[in-house]
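Student: So the sequence lines, in the order shown, correspond to chains G and A.
Last residue of the first sequence? That's 427 in this note's numbering, and every number before it is there in order.
Last residue of the second sequence? That's 427 in this note's numbering, and every number before it is there in order.
Worth flagging that the hints you see were computed from the coordinates, not collected in a lab.
Some clues are possibly wrong.
Said to hold, decoys possible - Stretches of chain A that chain G covers, calculated by requiring three or more beta carbons in the stretch to come under 8 Å of a beta carbon on chain G:
#1 24–30
#2 139–145
#3 286–300
#4 308–317
#5 328–341
Ideal Cβ placement from N, Cα and C applies to all residues, glycine included.
Number of protein chains: 2
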Amino acid sequence: MNTNNKTLTLGLFGFGCVGKGLWDVLQSTHGIKAEIKQICVKDRTKQRPLSDTLTADKFTFNPNDILLDESIDVVVELIDDASSAYAIVKTALQRGKAVVSANKKMIAEHLDELIALQQQYSVPLLYEAAVGGSIPIIRLLEEYYDNDLLRSVEGIINGTTNYILTKMSTEAQSYTTALKSAQELGFAESNPHLDVSGIDARNKTSILCTHAFGVIVPPENIVTIGIENISSADVVFANNRGYTIKLIASIKRVDSALTAVVAPTFVPLDSQLAFVRNEFNGIELQAAFSDTQFLLGRGAGSHPTASAVLSDISALTYQYGYEYKKSKQPDIPTFSNKEKISIYARFANEDDAAEFPFSEIHQWFSIKADGEVKEGTVVIGSVEIDALQQILSTSQPNTVQPLSIAIAQLTTESLSTVFLRQESLAF
Amino acid sequence: MNTNNKTLTLGLFGFGCVGKGLWDVLQSTHGIKAEIKQICVKDRTKQRPLSDTLTADKFTFNPNDILLDESIDVVVELIDDASSAYAIVKTALQRGKAVVSANKKMIAEHLDELIALQQQYSVPLLYEAAVGGSIPIIRLLEEYYDNDLLRSVEGIINGTTNYILTKMSTEAQSYTTALKSAQELGFAESNPHLDVSGIDARNKTSILCTHAFGVIVPPENIVTIGIENISSADVVFANNRGYTIKLIASIKRVDSALTAVVAPTFVPLDSQLAFVRNEFNGIELQAAFSDTQFLLGRGAGSHPTASAVLSDISALTYQYGYEYKKSKQPDIPTFSNKEKISIYARFANEDDAAEFPFSEIHQWFSIKADGEVKEGTVVIGSVEIDALQQILSTSQPNTVQPLSIAIAQLTTESLSTVFLRQESLAF
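Looking at chain G on its own, in the form it has when it is part of the complex (with noise of 0.2 Å):
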């Protein structure tokens, strides 16, 4: 049993929406020793909301104030900013203190050095709010997975991208209007690109990468399509077809290799993942034993990312720390991408779909113009995800881009009696 549980005092890095979050669910949460001793914020102008409790006293402008106090165990680092949380944390963690962030971005580009900082400094990192939200995903990865044999990860784990493509598939929104509908409701940036373009959840998939399989992968290395280019043709190509269209971050381990691959995905309709909506995420999980394990929650939101936070917190009143298991077992799987997988892409014309470099053709069709839908092609076929980088890489300037990606399913086996039926295209 852990009886070395004692309070907690904090050091909090930014006050926006999480951070809010954060104060009020320790506020009205009972049972948790831990308070918040200073609140480290940039904006000197911003009006904050003081109260009985949150006077300004609470608020500094110098990172110090929290770095330096030895009272000071944890520093909970909740801003935007990657860079400077990568300064705060990595400090904070030289300093002896352990560190709680909700900042995927910095976490995927440091999580090999932030592993080894953890170690030298024998202090506990945790990071629960970073991936999935309110999904305690990484724990349950690295204390109720460590021991079964995970063949894949699957998951919704961007809110604002699964909002969209909701509206899109439900309500026949196109992308532009339901993007708009998402900015209004605050499920999206007003600057939305590292949500639509799967770079959010590219760093989580790298993340998880680590958690569930022990490899670290830089997420410059996870081939991602965004859903920038999805339109309502091919939303409605899905859906007439008994698919529906989400953004999934996948990751496949098959014997010794290792595969992720973050991008628009033909989802089956009566499938878990289908059933994922609006700003929600949900994982899907397969192993030896276990066999398939479905999660779902909240991905953002300022209380349910605070209540994840939260959980870390209250973890480190009983010194929990992630021990990274996996990549400490033998057989860890080694990143590829040279597996193929399928494909569904959307080309304007025959001429630039004949030039894509698929390794194997399963279906092909010409569409007629037909109102909005304009005239093009569209073909499921295989390609090395290799190749598919390269074409997606801008440093190949005389390549035909598709007008639109997305993986069609993940084995050519599946995908031969799903697509190889001839059908009509009706979109």
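Mind docking chain A on chain G? Use the hints.
Tutor: Chain A only, in chain G's frame:
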């Protein structure tokens, strides 16, 4: 960080479905530092699946070969018989051995004493496999939702009944046919009483009350209605109105009152719980900050259950134990059967329906005989849980029992919008 990892020596009681599964899993998984030294079984005549590693000398018929063996750190109790299990677990704890058990009946019936024994002898008893099979619900309630303010835990926590109800709903099978098919596939015991009566789910619900809300609720205090009386007519009635019937364990906190009921329940067809099919289990949590969380996984079976047992064993390698945190927090709710719930009840005739102690009637349907559907009366109305328990108890010989009962909705507000529309009764 947890640095005290050591290799655990296990003594296993029982070598049935789950015991064999645990043996398999331990052979295949890497990284866990645990080995089975001795397996205690009862039946001297049964053939055991011996192998190079599973040699005959692993087996014993004498419990003391495990209980008195000082070199055995952990007793893994996987036998069917709850009273023998209790004796084994109690002795093991008294002898300072950690215990892993999957016996929900034994745990639910002795939870108070088992908590005291853990404290008295400073040894942990873990039982993740007892509730929700491979779903890590107890661990999450203990470790992750320990500081969120839980409002409700609702779930499908019995795979047998869920398989039967799924077949009745999606394939229009009769209860008898669906039960037979469950038995043939191994999803139901030859004597399915404990499952179909709801008693198995009731035991699990009792355990969940403790970990979710800090309240010890003896199983017999939980109003429990089985699925034996649910007919095709009930299933069709629900389906026609956008619902399906599931055996739901529902634990809800309203202010300082805690209610828990296990009963067939009308679940909206587009909800996550409706989507839990066949032998799967699914649990939905509602909390103040993390909001809706949903977990799905295999609720039973050799390997899924063994994987939960293995996760407990793995947790023991770093001295993990349940802290029953919720029971130490302020504001623990009080268990109450005084709340009103809205139920669907089908009676043989109007006279029987008139005798039922509804506190309010929302809808009243008279059913005309039509093919296999017999004449009868369906009433949707409110009843106090206590009054329902009185009716259901066999100690009231002169009370008219409804032919079938299901929870319609737990709040009358939402019910009034759903059911008070005048609808014709079309089975």
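Student: Next, verify each hint and record whether it holds.
Tutor: Comparing the hints with the structure gives:
1. 24–30: holds (count 4)
2. 139–145: Per the Cβ count (5), the hint holds.
3. 286–300: holds (count 12)
4. 308–317: holds (count 5)
5. 328–341: holds (count 4)
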